[in-house]
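For what it's worth, the numbering used here labels the leading residue of the sequence shown as 14, then goes sequentially.
Read the hints as simulated data drawn from the structure, not as lab findings.
Listed next, with one range per pair, are the computed distances between beta-carbon atoms:
hint : residue 1 : residue 2 : range
1    : Phe54     : Ser18     : 14 to 24 Å
2    : Gly63     : Gly34     : 28 to 38 Å
3    : Arg62     : Gly34     : 30 to 40 Å
4    : Gln16     : Arg51     : 27 to 37 Å
None of these values were measured; they are calculated from a predicted model.
Where is the CB? At the ideal position from N, CA and C, for every residue including glycine.
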Amino acid sequence: MKQRSRYIAWLNPMATERWFGTTAGEIAHLVPMFEVSRQGFDGAIDVLRGRGINAQLRHGLY
Numbered sequence: 014m015k016q017r018s019r020y021i022a023w024l025n026p027m028a029t030e031r032w033f034g035t036t037a038g039e040i041a042h043l044v045p046m047f048e049v050s051r052q053g054f055d056g057a058i059d060v061l062r063g064r065g066i067n068a069q070l071r072h073g074l075y
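Model the full assembly from the supplied sequences, consistent with the hints where possible.
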């Protein structure tokens, strides 16, 4: 995917606390992943706008 797009964000309908020990948890180590919520959408939009990990940390999402 990174060959075709500069920024990637993944929205996951599963609650963040359920990611540990699942493939979602593994994927979250590779790409910025967010829970489907208002905060999650805001974090994903920040990433897609190129604001990266610092914006995610401010939102408490990563």
